[in-house]
Structures are given as structure tokens and as C-alpha cells.
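Use these hints to put chain B onto chain A, whose structure you have.
Heads up: the sequence lines are chains A and B, in that order.
Position one of the first sequence corresponds to residue 1 (my numbering), numbered consecutively onward.
Position one of the second sequence corresponds to residue 1 (my numbering), numbered consecutively onward.
Take these hints with a grain of salt, some might be off.
[Claimed, not checked] With a Cα cut of at most 20 Å, we get these calculated EDC-like pairs of lysine to aspartate or glutamate:
#	chain 1	residue 1	chain 2	residue 2
1	A	431	A	486
2	A	570	B	219
3	B	129	A	643
4	B	566	A	280
Source of the hints: derived by calculation from the structure; they are not laboratory data.
Just so you know, these numbers come straight off a predicted model, no measurement behind them.
There are 2 protein chains.
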Amino acid sequence: MSDQEKAKDEKSGVSRRDLLGSTATVAAVAGIAGAAGGAGLTSLSARAFAQEAQPRAKAQTAEVRPGDLDEYYGFSSSGQTGEIRIMGIPSMRELMRIPVFNRDSATGWGLTNESRKILTEGLLPATRKFLETRGGSFVNGDLHHPHMSFTEGTYDGRYIFVNDKANCRIARIRCDVMKCDKIIEIPNASDIHGLRPQKYPRTGYVFANSEHIIPMPNDGSVLDEPAKYWSVFTAVDGDTMKVAWQVLVDGNLDNCDADYQGKYAFSTCYNSERGVTQADMTSAERDWVTIFDIKRIEEAIKKGDYKKMEGVPVVDGRHGSRYTRYIPVANNPHGCNMAPDGIHLALAGKLSPTVTLIDVRLFDQLFNDKIQPRDAIVAEPELGLGPLHTAFDGRGNAYTTVFIDSQVVKWNMDKAKRAFKGEKVDPIVQKLDVHYQPGHNHSSMGETKEADGKWLMSLNKFSKDRFLPVGPLHPENDQLIDISGDEMKIVHDGPSFAEPHDCTIVHRSKVNPIIVWKRDDPMWEDIRQQAAKDKVKLEEAANVIRDGNKVRVYMYSMAPAYSLDKFTVKQGDEVTVTITNMDDVEDVTHGFTIVRYGVMMEISPQQTASVTFIADRAGVHWYYCQWFCHALHMEMAGRMIVEPHAA
Amino acid sequence: MSDQEKAKDEKSGVSRRDLLGSTATVAAVAGIAGAAGGAGLTSLSARAFAQEAQPRAKAQTAEVRPGDLDEYYGFSSSGQTGEIRIMGIPSMRELMRIPVFNRDSATGWGLTNESRKILTEGLLPATRKFLETRGGSFVNGDLHHPHMSFTEGTYDGRYIFVNDKANCRIARIRCDVMKCDKIIEIPNASDIHGLRPQKYPRTGYVFANSEHIIPMPNDGSVLDEPAKYWSVFTAVDGDTMKVAWQVLVDGNLDNCDADYQGKYAFSTCYNSERGVTQADMTSAERDWVTIFDIKRIEEAIKKGDYKKMEGVPVVDGRHGSRYTRYIPVANNPHGCNMAPDGIHLALAGKLSPTVTLIDVRLFDQLFNDKIQPRDAIVAEPELGLGPLHTAFDGRGNAYTTVFIDSQVVKWNMDKAKRAFKGEKVDPIVQKLDVHYQPGHNHSSMGETKEADGKWLMSLNKFSKDRFLPVGPLHPENDQLIDISGDEMKIVHDGPSFAEPHDCTIVHRSKVNPIIVWKRDDPMWEDIRQQAAKDKVKLEEAANVIRDGNKVRVYMYSMAPAYSLDKFTVKQGDEVTVTITNMDDVEDVTHGFTIVRYGVMMEISPQQTASVTFIADRAGVHWYYCQWFCHALHMEMAGRMIVEPHAA
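Bound conformation, chain A alone:
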């Protein structure tokens, strides 16, 4: 679908009837006639959405009929599962998984050379050494916050950026192919928590919070001396995926966000006490939101007012610094959400029943010491027990999850400001029970200037009895709420595996993935270079090249066959198998699995992928296609013959 078609489609709520059933059948039958040599399926290039816009029904439902398309993409973090999930909204169906910090058996993420490079190239030297005896890369992650790149205050469809709390990493997902292409480890940081991209003029920076305070450097030279523990705020360059700069700060940073002017970023800080026990961390009456002046920090970097630590410039932004301001807010604040109006920043109280609303237009005065920190606060409505995160509808309303009360509270920002000034007005519009204990919530396009106020997702941490029992480990419950009318309505309970910590809801007009790889994709540039040295043409390869005890096997695949139905190596050889999928029909993905060798990878149409292993098991080892591709899929196999060492 062209951008133009998408633009037309946008906001029309177009649904698409199944026009393609009969075409597909004909195509497939045609395919089998040429089964011996060719693709089993003919291209279905026609991907057009039906042009007839259907009128939107008044009440929104989660139902998307068979053959119809969802209107929104949901990019759902999976928490400690470590992957990204692409959902269709409003149907709440999981459309795709993108492995990032986890391992994935199906695609070979962590097994292929291409994925191993992404998983290892951004590691810090000390971590690289630590992982030497552990297979070279982490196998776990804790993916909290997925956010799309911005241009001029709204999503631009280029990337999704995500953080790994467990192993201090930030990763990038290419939205054209929906695969992770870069992962970097953040130095000087303990667990990376909050993450948000710069909204304006573009991303640009990806801002990230280090949560727990630690010694710097954390090499054992300082141990149980919490007075010497600090935290950092990090700006990553989203284009190069390198750390641009860090700011040394006091206390544990929690969530962060950025303004719509490109001037400031902000982080909630829940441990201004700089404690290391729970009692210490919760002892103060108030903690902070820390404001970062991006221009001043950039100037500091230019003029050299920083210390280089673990290879990156670190500006001192501790209390009293000219690069930061610390605004006292209620104890242990959590959510940090910039409203689409470009004016209001909402900070959820967590241990206070309030949300603090700040006018970011006052930050110039604050940094110029014209006003006091608390003067930036314009409202502080009391909403319920355990406010965690706030979403917006673009119509002046805010929606805050209150964890302990198990509710989403809809409140009006203007009324809250009037009440703050002393007017007798109740800002609360509605309290809605959710099931149960909500954490993040997210509204459709709600973190952009194009917030459209149609859907709200409440990511509930407990599901208890909402679904059939499945043992001691329960699913979470992602509830979809219709916020298009005056009253919020729950339309769907969505069980989910651990733990969709956060989600963004992006209109489909903003995302434009390709459906078949381009042969010149940079993902397999290393293969291209090696093949050139080996004088192998990937698209028609059927070569076994020996280079000492290294053997490079090049094949192509075309349903239902590999170009090699056997190859022979010697026991102990280092074998690299490179396969190019020459099928160019949408959805004809092949795979490559070697039996009892722990080798498995995905090769989608027009993709090239490779895997390297030591052939230290003699005998006859079948390889087969594990991605159902054709009526003769079961017969798409071959033999790796491993000649034993001389006795």
C-alpha cells in the first residue's frame, strides 16, 4: 500500500473484506504444477486496502472480522520475556514477535551470525570478558519501554527503541523489516529503566534512566559505601546508536520523557534519599522530578565541562548543577508523561494519591532562577491509591492508572488547574475498575501531538480469575478501553505472557513495513563481502568451499528444495552454512535446521542468513526446512555427512 493510500485510509476506519480468497486458491494450484522446480505459491502483490470507506459504527468494539484489518499497531514490550510484540488493535491479536534481548528458537535469534553480531558488538569490554565463558552474550533481558522514533512531535515509522533493565542495554528495531538491528550496553549505569525518544525536532536522542545508584567505576574499588553511589541520565544518538553524553545525578531515576520543543528532558527520581534499603528509599516526604536542559548540556560537551568515564562524556548534573533542576514532588514518584498539548507534564505519585501537573513552559524561568522549583507546578489532583502512569486523549483529559485501587481515573487537566487555584471544582470525570492492579496505560497516538482519543490500553499486572486457570503462573491482563465517548468502556480482556510492561499504540498510517526483503539489505553485508572473496554468487549458490579447517557452504532455497541435497565435511571442521531464499513470494519463508546439532534459522523471501558451528559429531545428519513452505515441505531436506576423525 502506498503512503497516499494509507493517508486516505487514515482515520476513516476502513475495513477490508476478503477479496483475495479465490485468487489465492488459483495461485496455489498453479504453484503445484511447477512444484518440482519453482515456488509453490504465486505472488499476491495486490495488497490494496478496499477503497470503500465504511462508516464507523458509533460504539467501538474490539471485534475485527475475519479478513478485516486492525486500525492500529500496538508495540508491546514483553517485560522480562525480552521481546517486542506487535499487536493489532482493537482486536488485541499478537501479529508478530520480534526477538531482542531473549533467544528465539524459530528465527535463530542468538544462533545466526547476523543476530550474534547484533547481540555482541555493542557490549562493553568488561562485559565481553565476563561473557566469554557464558556463550558470548546475555540470554535474558527485561524489556520495559518501547517507543517509536519521532519527527516534529509525532511518530515517523522509522524505529522502535527499547531498554533492557536487566543487562543495561538499549536496542533499536527497524520498522521497515520489524527486526532488531542494533543493541548497545550503557556504561556507568546500573539497571536501565525509563526510556523515551526526543520528540522534536526529531529522534535524535534517545533518553534513558539508570535506576539504582552504584559506585563509578563499579569495579570493586568501592563496595558497601552508599555515600559514593550515583546514577546517570543517558542520551543515546538514535541514528548512530552510540552514547552521546551522560549526566551524573542524585538518586534512583525511574521514568522519563521529553518536551515538544526539543529543549528539556525529565526524569522522576524515587530515591532522593540515596538509600540502599527499602526503608531508606521511602523515608523522605518528597522526592524529585529532575529536569535536564539539553542545550546547556550540549554546550558543556562542546566546551569540555565533563569527565570521560568508561569512554563516554559525563556532565555533572548533581543537585545544584546549572545543567539540571530538581523539582520536589510527592514521595516515590513513578510515571512521567508529557501531554500532547506540549504544555503539561504529569508525574504520578505512587505512594501519594496525587498526580503532579507541571507547566513545562516555565522551565526557562526555572533554569534562569526566576522562579522556585515548586512554582512550575500548576495542579496536583488527588486521584486514588497508587497512581502510576498517565495517558491523554488530546481533548484535555488525562487517564491515570491507580495500582492499589485497581482503577483508571479519567480527569480533566483544566479543571485540575482551576481546583489547584482554589476553585471548587472536581477534576475527576470517571473512575473505572480494571482487573487488576494496572501499571502502564497508553492511549492511541497519545504520546504524540496527534493524540486521537479513541483507545486506551490498561496493562494490568494481575489477572487472577479473569481467565481459565493455567497453573500457579498467571497471565497479565491487557484491557482495551473505549475512550472515544464521554464514558470509558472496557471492551476486551487480553491475557498476556510476562509482562507487557508498556505499549505504544500507533495508527497504521504511520507504519509502512516491506513484505519481502530487499536483496541489498545491510543486515547481511558481512556475508556479501565473504561471498565476494569466495567468488560465490549468493543467488545461485551451491558451493562448498574449504579454507583450512573452515568450510563455507553456500546454498539457495526455492520451495520445496535447497540447492544442495547433501554436503560433506570432516569431524572438527568449523562449518558456516549460508542460505539465500530465492523465493520472492510474500510469506514463503524457509528455515534451516540440522538434526541434533542445535542449529536453526529463518530465511524469509529474498533474505540471506548464515550460521557457524563446529561439526564435532560424526555421521549422517539431516537438515530440513522447519518453516512450512510447500506441499512437499516435508521432503525439503538434505544430508550433512560428517566424516569421522581417523581412528
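Chain B alone, transformed into the frame defined by chain A:
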């Protein structure tokens, strides 16, 4: 819910309104009051389904309203993802993932000592050696066929058995806790494909097919000599999870099933040619279904008529053996499905447009040489291009997926038999387009004698344009079809990540998981024994025990805290952290993650889990709970202090 309540519930289509919302809120508020020391949530023990049965609407829909429960469990294999997915049907929501052959970051499957034992203890010696330099266990798998254990011809809710095609394993999942408890590697086999449990008198045996033919032993002594390649049919004892016996056979075995009398098992064989190339494998006009006489094989084992190979008894069942019969069927048969009537076995033609229907009551005569193999065939209807699998509705109808035509064909077995005898009658009732290229299908309770003919799931291998585009890798499409009426109707398109190869649909009355672990569960028996030696009481542990350079750290967790907020070890120590989750409230799962250490695990209510690692990274390393458990969840953390080696 008690069994009685479930029985009442069964077939009534009961839906349950949300009666618990207000209770939950009150409970949670109560929880925060005692936040410092106790659980943040009060027990919601009331799990009762509402007793008022609501009349079933005439037309079935996939919609399950918020708060209502699904009527069926779907146990969906995930193909090359290597996990089991529990679905709710008809809503088609994924309720839970059970890691089996894959790695799972969230639960620590592959990281915890308990999971590592399950992943390694059943490996063959040669594989154990092969994996020594590869982290000790396979990280990938190809999980094709999930089937529940049977007692007297129907599901008994004890176990799900599954196969791994990639690394030749069979695993068992306990349905009380929905976790994998045993994995064994199958000797003498290439890729394990078809798997089915014995239906009668009980499971008993789990039957499994080895697909590709290989030399035996496959140690390099025989290489490119296909004439010396064979395959095996394996019976695993489902209670002990040990191989009971194997049968040496000709050709590639594909899918298998068993009868309702406990007398015979059967496997389709798609490579009677015993070829090693696709051309060879498809050259013959006919292949086989191989019939195994269980009694005769058991007698052979008793009287010693077998050869011991790789530690297991292998009976010779090659062509001409008294233990097997080979019935010629059309070229490259695939699906092998026993009808709930206990009489008919359906064998899908794949490269022939036919399904072959066999009367299993004739097998006594066949084995006693009273009839010829083809005499057992009672129908062979022509259905369309690429018949793969057949499901049943318990009303005499069969539903066969035809891959190339992208259809499900409903046909009547009785009419097919009459047509086979020459009567002019069309057995085909309806052909329904599915989207696209279906593989397995499965009807509700359809592989048991209690087939209820309500739902059919068609697991389609291609989705092409049925969902929003998500890049070159597409989801599959699991379509739910209402088969309760005269006409099949598609009610839901369910996208799914690679590749729900097969699925079973089990009425909820058959499954009765517990929702909180029992403290005496055998899963952590090893921990119990070590704790006894260490004189540690797991339920109240806060101990750090040094034993040379081994350090055993015992804690318990109770929201929102661990019993230790720090512990100190020396660089290079082998550290085992054991945690007991003393929360006994449903759904209050905790986790344990150590930052930048690659350590992560799940600890559900009343569970004990452990993880062992080398503390070779000096400094201050925070550990935290990665499973959202409480309003003070972020503050549930502590420090592992690793003292550096002396310089």
C-alpha cells in the same frame, strides 16, 4: 472449582460475569496498609464460576466478553518456537506460554537449576558430550505435536506430551502446574516427528515416529550408503518417561495414531522408496501406512526377540515382520487420524487428492493373514489437492485440510464408504476456503471418544494479507470454524507466531490446574535435600552459607521484599541463590534478576527456585524483582557485593 462444579459446567456453555471487581479493590487497599511486612494483596480464593447457566446462543461466536471464561483449552504447539501455548477457545487468546525446548527469559527456563536438570538429565551420552562446549543443553527445538494423556479413550488431564523434531526429544508437561517436568532424547532416531499417546486403557505408551532414515548406529561408521539407513517407531512409557521399546521399520515415518482398543498403533510412511533425495522419495506410486501390533511387540520384548541398540530394545519390524503390516496407500501420505467412533482411521494423501479410510477392526484378520493389506480399506474419497489432516465431529463427519486448494473439506464417512462400494453418492458436504494453505486441523475433543463437534481450528501456514503488514516474516493464521451447525463458518482469524503446527482442543472440565504451588512439590526436591544438609528452613531463610568457594544464599520473598537486602561473596565464588516465595496469594509471582549477570528466574507463590553462577564480576550488583508484585515493587531490590580478588 471442584470437579463436580466443572461437571455441572460442562457443555452448558456457562459464562461468568465479573463478580469480583469490588472485592479485589477492597483486598488491594487492605494490602497496602500492611505493605511494610506483608503481602500486598489479599487472597481471592473464591474462584467459583457463576452457577446460573446462560442459554447458549444459537450461532456460536468467538467473542468472550470481558470477565467471561472460555469453554475450551487449546494446547497449541509452537513449531520451531519450541514452547507450548495454552489458548482459550473460542476467544483464541493466548493464556500462557510453557517453555519446553526453547529458552525463556521471563521464567528463567534454561537458567535455573531446576530447569537445567530437566533439560539435561534425559540426554544420551554422545549428545551430552557434544553439548559440553555448547552450554550443556540445546537452546532450540521444533515442537510439532501436543497431545494430552488418555484414560479409557478420553482426556484425563494429567499430562501433555510433545515431540521435538529438531533434536529428537519427547517432553512431558504436568497439567496440574502447567510446567514441563521431563524431557528425554530418543536413541536410534533421526528427527522425531509424529507423536500420539495410547488412548486405551490409558497412557501408558507415548508413540513417536522417527522421520528420516539414518545409519544405526549413526557414529560415522556408515556414511553415504542409503541402503543401510533405517527408521524406528518408538514407544515411551509415559509414567516413567523411559523408552519402553522401538521397532525398526522401512522408510520415513510421518504421523501416527493409536486405536481405542489398545491393540494397534499406526504410522504413515512417506518414503517407502527409502530414498535420500526428493526425486527418490516421491517416485513410487504408493507408500504405506505401517501398523504395529502392540501385543505381539510386547511378547517379543518378553521373550527376547530384539536387539539392544543405544541401550533400548529394538524389535525388527521391517517389511515381512510378524510385528507389523504395511498397507499400501497413495503416494506420500501425511495425516494419520483415528476417528472417535473407534472404527475408522483416516490417512491423508498429500500428493494424491484422496483420503484413505481404513477399518481398524480388520487388523486382527490382517495380522493373521486372513486378508490382504488393501482389504482393510473401506473408502477413498477424492477431496481436493493436498489433503493433509483430518478431524472429526462425532456425528460421522470428517474435516480434511487440503493444503494446495486452501480449503477445509467436510465429508461424510458413511457416504464415502457407500461410494467406495460403487453407490452413486457424493460424500462431500461442504468445501470452505481458509486463508491460506492449512496444515493440521483439530476439532473440539475430536481425538477422543467424546468428540463434541462444536469447533474446528484450521492451522493455516500462510496469512499473506490477512493482517496488518509486519515485515517479511508473516504470522501464521489459526482460523476458528464453527462446525456445530450444518454449515461450517469461519468466526475468527488468529495470527500466530511460528508455527502452531498442531493443537488440541480440550473441554475445560477435563483440566484442573492448581493456582498456587504446593510446598511439597517434587520440582525442587534437590533444593530440599541440600537445605536439610545446610540446616536451613526454606520458608524462613535468610542465610549465606560458605562451603569452600561455593556459597549458598537462601532467602524468602514476601511482597515487597526479599529476606536479604544484601549479601557479600568473593570474586570467583560459585554462588547458588535459592528463593522461596512465601506469598500464598494467587498471582503474586516474584522474580529474581541480578543486573549485568545474566541471572533471572520466576518464583510463583509458594514455589522454591534456585540458580547457580560464578561471581566473576567484582563490584556492587543490584538484584531486583522483575515480576510486578506490589505498589513498592520497584523498591524490591538488594545488593550482591562481590569483593575483588586481591590485586
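Handout entry: Hint consistency between residue 129 of chain B and residue 643 of chain A [alpha-carbon to alpha-carbon, up to 20 Å]
Key = Roughly 18 Å separates the two Cα atoms, so the pair holds.
Problem - Holds or violated: residue 431 of chain A to residue 486 of chain A, with C-alpha atoms at most 20 Å apart - result: 12 Å, holds
Exercise for the section: With a cut-off of 20 Å on the C-alpha distance, tell me whether residue 566 of chain B and residue 280 of chain A pass. Expected result: Holds: residue 566 of chain B and residue 280 of chain A sit about 14 Å apart, inside 20 Å.
Exercise for the section: Below or equal to 20 Å on CA atoms is what counts here, so check residue 570 of chain A against residue 219 of chain B. Expected result: Between residue 570 of chain A and residue 219 of chain B the Cα gap is close to 13 Å, so the pair holds against 20 Å.
The structure fails none of the hints (numbered hints given earlier).
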